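*Asks:* Sequence:
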Amino acid sequence: MRSRPRWTDRMLPLIVGAVQVATNHAAQGNQPERLPADPLGVVLLLIGPLALFWRRRNPVLALTVTVTAMIVFVARGHAYGPIFFSPAIALHQALVLGHRRAAWTAAAAAYAFFLVHTTWLAPVPSTGLWHSLAMAAVMGVLLATGEFARARRERKAERERTAREETRRQVSEERLTMAQELHDVLAHNISLIHVQASTALHLIDDHPEQARTALTTIKQASKDVLTEMRSVIGVLRDDAPRSPTAGLDRLDELVERSGLDVTAETSGSIRPLPPGVERAGYRIVQESLTNARRHAPGSSVTVLLEYGARELLIRVTDSGARVTAAGPDGRPAGAPGGGPDADPGERLGGGNGIPGMRERAAALGGTLTAGPFERGFRVEARLPVPERPGDARAGRDATASVPGRTP
Numbered sequence: 001m002r003s004r005p006r007w008t009d010r011m012l013p014l015i016v017g018a019v020q021v022a023t024n025h026a027a028q029g030n031q032p033e034r035l036p037a038d039p040l041g042v043v044l045l046l047i048g049p050l051a052l053f054w055r056r057r058n059p060v061l062a063l064t065v066t067v068t069a070m071i072v073f074v075a076r077g078h079a080y081g082p083i084f085f086s087p088a089i090a091l092h093q094a095l096v097l098g099h100r101r102a103a104w105t106a107a108a109a110a111y112a113f114f115l116v117h118t119t120w121l122a123p124v125p126s127t128g129l130w131h132s133l134a135m136a137a138v139m140g141v142l143l144a145t146g147e148f149a150r151a152r153r154e155r156k157a158e159r160e161r162t163a164r165e166e167t168r169r170q171v172s173e174e175r176l177t178m179a180q181e182l183h184d185v186l187a188h189n190i191s192l193i194h195v196q197a198s199t200a201l202h203l204i205d206d207h208p209e210q211a212r213t214a215l216t217t218i219k220q221a222s223k224d225v226l227t228e229m230r231s232v233i234g235v236l237r238d239d240a241p242r243s244p245t246a247g248l249d250r251l252d253e254l255v256e257r258s259g260l261d262v263t264a265e266t267s268g269s270i271r272p273l274p275p276g277v278e279r280a281g282y283r284i285v286q287e288s289l290t291n292a293r294r295h296a297p298g299s300s301v302t303v304l305l306e307y308g309a310r311e312l313l314i315r316v317t318d319s320g321a322r323v324t325a326a327g328p329d330g331r332p333a334g335a336p337g338g339g340p341d342a343d344p345g346e347r348l349g350g351g352n353g354i355p356g357m358r359e360r361a362a363a364l365g366g367t368l369t370a371g372p373f374e375r376g377f378r379v380e381a382r383l384p385v386p387e388r389p390g391d392a393r394a395g396r397d398a399t400a401s402v403p404g405r406t407p
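Take 1 as the starting number for the sequence shown in the UniProt record's numbering and just add one per residue.
Quick caveat, the hints were computed from the structure, so don't treat them as lab data. What you are looking at is a predicted structure, and each value in this text was computed from that prediction instead of being measured. From the three backbone atoms N, C-alpha and C, an ideal C-beta is built for every residue, glycine too. Each hint can be trusted.
Pairwise CB distance ranges (calculated): (1) L226 - R152: 50 to 58 Å; (2) A134 - A18: 24 to 32 Å; (3) P272 - T227: 22 to 30 Å.
Please construct the entire structure, taking both the sequences and the accompanying hints into account.
*Replies:* As structure tokens, then:
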């Protein structure tokens with residue numbers, strides 16, 4: 001992609017050529033010792049500007065042609081001045097595009113030529129240290145300007161590249177987050193559907209009304225999972241608007257359709273949290289309830305959210321499996337592997353639930369522990385949150401007014 005409009009690439013050489021030819025007459029009037037431009041001199045005045053047409057596609061060629069035309073023009077005894085315009089432009093462009101060796105070589109060759117020509121070959125030789133330093137200063141300014149423009153261009157390109165990489169990284173992380181969200185949604189709702197379907201099959205003959213309740217729960221769970229899947233897949237497909245992300249404000253809804261006897265407790269300074277913490281907290285509670293329903297059906301569960309000044313404590317504790325309605329195999333209905341003698345430690349042996357919760361907590365700089373607790377199982381997560389002015393005092397006041405939970 002060109003950094004300038006295309007018309008400037010066509011017009012600049014023509015403008016420089018016209019300026020060099022037109023102003024050369026004025027330069028001749030101020031330098032009577034130099035020869036006026038003959039037809040060959042006019043051709044040399046035009047060759048350099050015409051070479052600027054290739055200054056972007058082949059900057060080294062353009063620089064070589066313009067410097068050669070300048071040296072021949074001056075060596076033939078024509079006036080100094082306008083002939084320098086096109087080599088200066090070609091030198092600057094070569095440096096900007098990164099051809100530093102060619103640019104510095106051409107500059108050194110031009111300086112050596114002028115030093116020799118003005119000292120020994122010119123009709124009126126110019127001697128003295130001041131003249132040599134003046135030429136070196138002009139060359140130095142041209143080279144420094146080109147180097148500065150090149151460094152600025154490279155920094156800009158590096159910033160753009162870094163921005164593109166950061167954008168790609170953020171997109172990749174967002175897609176991984178969405179994939180994890182989709183996994184959690186499917187795991188939770190399919191587990192709920194499985195448990196309720198097993199319960200309905202067990203009760204449909206003897207307790208049809210209770211079976212109806214289980215089927216209603218299945219209908220709602222399937223609707224919820226389809227809605228969330230459509231939302232996440234829509235974002236992955238074409239960045240379509242997404243429904244609000246699940247957060248702790250939807251905890252009551254999660255508890256109601258969990259199919260368990262859940263007691264929710266909240267303490268501390270209740271406040272909105274960053275979206276990442278809200279989402280992680282919701283998913284940790286969701287996965288913990290799924291874990292309890294799968295491995296300890298019929299148990300009672302306590303969910304505690306404690307809003308501290310610097311962290312959010314999430315503690316989900318179940319009382320352990322107990323038989324509520326025995327199936328043909330003697331286990332609770334819809335609870336493969338469960339039962340009054342189930343070992344809570346078996347939950348740590350497989351699956352992606354607990355490792356996934358740990359990854360969520362670790363991604364936020366928090367911690368998560370999970371393991372047997374008394375006859376049941378406990379999941380405890382600590383997620384750091386930014387402290388706001390007054391949070392610490394408000395948290396202490398709120399905690400003092402809410403009785404703490406005794407396991």
